[in-house]
Amino acid sequence: MGMSGRHFVKFTFLKVDPAWRRRDPAERARDKEEFAAACRDFGEAHFLRAYSTVGTRGDTDLLIRCASPALEPIHELHVVLNQSGLMRWAEISHSFLALTKESAYSDEPQPLRPREGSERKFLIVYPMWKRRDWYLLPGEERMRIMRGHIETGRRHPSIEINTAYSFGIDDQEFVVSFNADDPGEFLDLVQELRGTESSSFTESETPIFTCISTSVERALDALDGEHVAAHPTLS
Amino acid sequence: MGMSGRHFVKFTFLKVDPAWRRRDPAERARDKEEFAAACRDFGEAHFLRAYSTVGTRGDTDLLIRCASPALEPIHELHVVLNQSGLMRWAEISHSFLALTKESAYSDEPQPLRPREGSERKFLIVYPMWKRRDWYLLPGEERMRIMRGHIETGRRHPSIEINTAYSFGIDDQEFVVSFNADDPGEFLDLVQELRGTESSSFTESETPIFTCISTSVERALDALDGEHVAAHPTLS
Amino acid sequence: MGMSGRHFVKFTFLKVDPAWRRRDPAERARDKEEFAAACRDFGEAHFLRAYSTVGTRGDTDLLIRCASPALEPIHELHVVLNQSGLMRWAEISHSFLALTKESAYSDEPQPLRPREGSERKFLIVYPMWKRRDWYLLPGEERMRIMRGHIETGRRHPSIEINTAYSFGIDDQEFVVSFNADDPGEFLDLVQELRGTESSSFTESETPIFTCISTSVERALDALDGEHVAAHPTLS
Amino acid sequence: MGMSGRHFVKFTFLKVDPAWRRRDPAERARDKEEFAAACRDFGEAHFLRAYSTVGTRGDTDLLIRCASPALEPIHELHVVLNQSGLMRWAEISHSFLALTKESAYSDEPQPLRPREGSERKFLIVYPMWKRRDWYLLPGEERMRIMRGHIETGRRHPSIEINTAYSFGIDDQEFVVSFNADDPGEFLDLVQELRGTESSSFTESETPIFTCISTSVERALDALDGEHVAAHPTLS
Amino acid sequence: MGMSGRHFVKFTFLKVDPAWRRRDPAERARDKEEFAAACRDFGEAHFLRAYSTVGTRGDTDLLIRCASPALEPIHELHVVLNQSGLMRWAEISHSFLALTKESAYSDEPQPLRPREGSERKFLIVYPMWKRRDWYLLPGEERMRIMRGHIETGRRHPSIEINTAYSFGIDDQEFVVSFNADDPGEFLDLVQELRGTESSSFTESETPIFTCISTSVERALDALDGEHVAAHPTLS
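For the protein sequence lines, the chains are D, V, X, H and W, in the order given.
Residue numbering for the first sequence follows my numbering, starting at 1 and increasing by one per position.
Residue numbering for the second sequence follows my numbering, starting at 1001 and increasing by one per position.
Residue numbering for the third sequence follows my numbering, starting at 2001 and increasing by one per position.
Residue numbering for the fourth sequence follows my numbering, starting at 3001 and increasing by one per position.
Residue numbering for the fifth sequence follows my numbering, starting at 4001 and increasing by one per position.
In short, the hints are calculated from the structure, not lab data.
As the structure is a computational prediction, the values presented were derived from the model and not from experiment.
Mixed in with the good hints, there may be bad ones.
Unchecked claim - Taking CB as the label site, the calculated pair distances span:
(1) D:Thr202 x V:Glu1141: 45 to 55 angstroms
(2) W:Glu4072 x H:Arg3040: 49 to 59 angstroms
(3) V:Glu1141 x D:Ala45: 49 to 59 angstroms
(4) D:Ser103 x V:Leu1136: 24 to 34 angstroms
(5) H:Ala3045 x D:Asp41: 21 to 31 angstroms
(6) V:Pro1138 x D:Arg132: 40 to 50 angstroms
(7) X:Asp2133 x D:Arg22: 20 to 30 angstroms
(8) D:Pro138 x V:Arg1154: 41 to 51 angstroms
(9) X:Ser2200 x V:His1149: 24 to 34 angstroms
(10) D:Glu185 x W:Leu4137: 48 to 58 angstroms
(11) W:Glu4192 x H:Glu3027: 43 to 53 angstroms
(12) V:Ser1106 x X:Glu2044: 19 to 29 angstroms
(13) W:Pro4025 x X:Ser2200: 37 to 47 angstroms
As the list claims (entries may be wrong) - Just a few of them, taken from the derived set where beta-carbon distance is under 7 angstroms, the chain X residues facing chain W:
(14) Pro2018
(15) Thr2056
(16) Gly2058
(17) Thr2210
(18) Gly2225
We treat Cβ as the ideally placed atom computed from N, Cα and C, and that holds for glycine.
Throw the hints in and build the complete structure from the sequences for me.
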């Protein structure tokens, strides 16, 4: 798969103003429906998934993860979201822009666009920076260290890793995300990886977001605990 | 006790908007009662405890600490809390998600779910990160260091420690909490531990929350100094 | 003096919302009077002092410093303050909880409760953390270093030091405060101490608050430049 | 080109209050038009370009990049912007002030004012600080290291670099910006540069802003997804 | 000149709430006039200068720089400012308190109060901290290093330096400010100083504020681009 297959991936974390919950239920339903409609429109031609962080974090309620081979459709999606009632009461509390890229270390083909069919219950997301001395190691040394890291991960085949790259286009160097059904298994894997050589070259890998896979509509319903009237589901 | 006994533990710290205190007393009573009702419902089948931080911190007023073997009920609790009047005027100022796990160092069995019967007057909570070089020490070296640490703690049997793990599911590596009746004794213990080898491997252990054990209703009443009308107590 | 003499000391720094100053003068007077009344009630049986930071800092307007042998009365004071009109328009911008403790280094008796009779014009307050390697030094080495530090301080007898301890009960390790009449003399002392061995073991000692000793009422009057109607003075 | 050719360059990043989107469409159109008019007036005699960050970042919506040989016109522009309706609902979330300067390292002439004719689709901007030990290296050593850095950049002729200097006039040391059509090519270049000696002397180079080149009017329209009535385009 | 000549210097940076600009022009004019009147009253007996940061920074609009041999008049000025309409809509976004002191390094007399007659067009201000190991150097070593630093500065006689000291009375160790007509010359000087030995002992010297000298009234007018009705100028 050539470079033409690279995709921009955007992680937009939203936090609603508590004052939004004081609005009438009908107004809130309309605010949510306008937001969901924009997501559905984008999702017809592009990748878009929604996740709820209600109950897992305090600084965000909702994650919209979308992808496109070009940046313009992602810009347009956010322009249309700005038209929705919800964005009159919400802030983007975290934002990560990244691009897929073929791995220099893995000998297995890696998809350059998000996995369509993942049915895992959780997505765990974090931005990552490596220490600068990592980049000064000889290539074969970095290869040796990364292969050990990758080997450990392979012993947990139920956890899928998605690595995207942000060098020069956003603050972090990488946005790493994992599809998993059992957060406990992922926790055990991360703790095990702390003892690897690779881990000592990590500069930062927070904040860490545990996100619950759901539809856009259900992620919106979790904001105020009320169900939007009958609507088509996205996935 | 097997892995099936592991519990997710969620620490949700709330801070009310000062503007909430401008509402009518009847409105505030209803806002609080809706919040308390959600906690009582959850508490029927799950672990839930409330604590007040009024007078001990400035960035939070109230802690809800809940636990469940699965993440979904914790998500659902927070969705229902979002329906309450109080969450129209409150922010989650701190949030820690963790999972219990059997200790690699202790030779005593440790409970994998929160201690039901603790009657200590205070809960002291903090997130913790160890330095990365800790994880590169040989296992027996870490065992030796931790046993010294544990020995010191054992000389204070009135202080119960609860360690939960957050690797890869939230920002911190651990959430450590202590049940204690005398904050002064705990202070002396922590100061004594500063001189141990273990302490030099701590990367960060702030913020530190001194929380006053109470019922959900009394923790809510501390927000505005007014008592909710007659209500059943949770514990 | 035994352990029974230890006191909790709470430093509560308040910042009023600029919008509070838009309220009617009569409303503001009542808001302030309710706050002052809560302080007077507490002050009848406990230690409470007020300070203004108007003109010395930008992130706080007012400091309430209170003390009690137990934590509960301090909690109760803050619950009652939450009933006052002022706390409907104010945030706690900084908060430090500490406990007095006999010094391991000084050979002079140190009071375990705040000095009642201090008439100094200023109180300078800051939280402090020492570097972790300090705690790994042999006890006699720490004793030698601290005695040099204490000697320097003794050459400025007009400056009284109050050390309180926060290990494990709040973010900082110490809350250090000084009663002084001449901030310039204190500045010269602190600059002189930079050259001591002790100073190189300081991890952090900011923020530093220069607080003007006053009555609760006058500290409140500085918030909007208007005098509360005739009221009894606290001290 | 002499020193007289130096230009001040100002990067003003704006974030609108979500509450602004609750205003009537006609009010929003007027708010935007007043802002655009101020930009057009300035742009008649000075350099001014607009960029949208909707969809690429969460902490800013819009970048105004302007330049002038003197600081006063830039001050005046911002005074006039403060008259516009939009600045009654917007914050300057990031601000960088810099000055152009002839490079000590490049042997090619570098323009001292922004490139008028650049038609690249993106502008990538970040503030940069070098480590203090960089400045203690001998001049020829720094020359050698920078020339290697510059050589790598030259292999990507479609990416134009604009370096401006902020020593002593704003927080950062440099404001670096790049005109590029393909963010993916820029990402690959930055990742490649991580392995150079020069990169190890970087203290900080975040936040990184990927900005979409557009007209002032279209950048404003992206704020609420609605088009201002017929207006002349700026560029 | 003896110690009696020392002056407290206070730098109060203000940021107005964008909502203030929504008020009626007449209300805004009165809000500004009340603020200006307080400054004029103080300025009759004390040093007070105003600066605009509109167009140079995003986190502040206005600097009031005042001085007095005692702290009380500075406190009183800020109490009176709190009475003004403007402080019902403004925050103090940065605040630095300092005290003048005779230099230990310079062999030229330095004024202990701000220069009355400076007519430079800009004031550049920043807080500074030195590294702790600086203070452990022998006095003659520090003298040697500082004299090299001072020599470099002397080659730019059009730039006047004002050093004030904050040890123990505010967060920073020093507040350094420069009167200059040409920010470009200052930029070149600061870049040149990066290569000196002295510079490597700097712990932090940000934020850096480029402030435009003006009258109080004109600094206020820059907030909303509207002129206060006829008023006497301060300087």
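So, going through the hints one by one against the coordinates:
| no. | hint | in the structure |
| --- | --- | --- |
| 1 | D:Thr202 x V:Glu1141: 45 to 55 angstroms | 22 angstroms, violated |
| 2 | W:Glu4072 x H:Arg3040: 49 to 59 angstroms | 51 angstroms, holds |
| 3 | V:Glu1141 x D:Ala45: 49 to 59 angstroms | 56 angstroms, holds |
| 4 | D:Ser103 x V:Leu1136: 24 to 34 angstroms | 25 angstroms, holds |
| 5 | H:Ala3045 x D:Asp41: 21 to 31 angstroms | 43 angstroms, violated |
| 6 | V:Pro1138 x D:Arg132: 40 to 50 angstroms | 28 angstroms, violated |
| 7 | X:Asp2133 x D:Arg22: 20 to 30 angstroms | 52 angstroms, violated |
| 8 | D:Pro138 x V:Arg1154: 41 to 51 angstroms | 48 angstroms, holds |
| 9 | X:Ser2200 x V:His1149: 24 to 34 angstroms | 27 angstroms, holds |
| 10 | D:Glu185 x W:Leu4137: 48 to 58 angstroms | 54 angstroms, holds |
| 11 | W:Glu4192 x H:Glu3027: 43 to 53 angstroms | 51 angstroms, holds |
| 12 | V:Ser1106 x X:Glu2044: 19 to 29 angstroms | 49 angstroms, violated |
| 13 | W:Pro4025 x X:Ser2200: 37 to 47 angstroms | 57 angstroms, violated |
| 14 | Pro2018 | 5 angstroms, holds |
| 15 | Thr2056 | 5 angstroms, holds |
| 16 | Gly2058 | 3 angstroms, holds |
| 17 | Thr2210 | 5 angstroms, holds |
| 18 | Gly2225 | 4 angstroms, holds |
Hint compliance for this structure: hints 1, 5, 6, 7, 12 and 13 are not met, and every other hint is.
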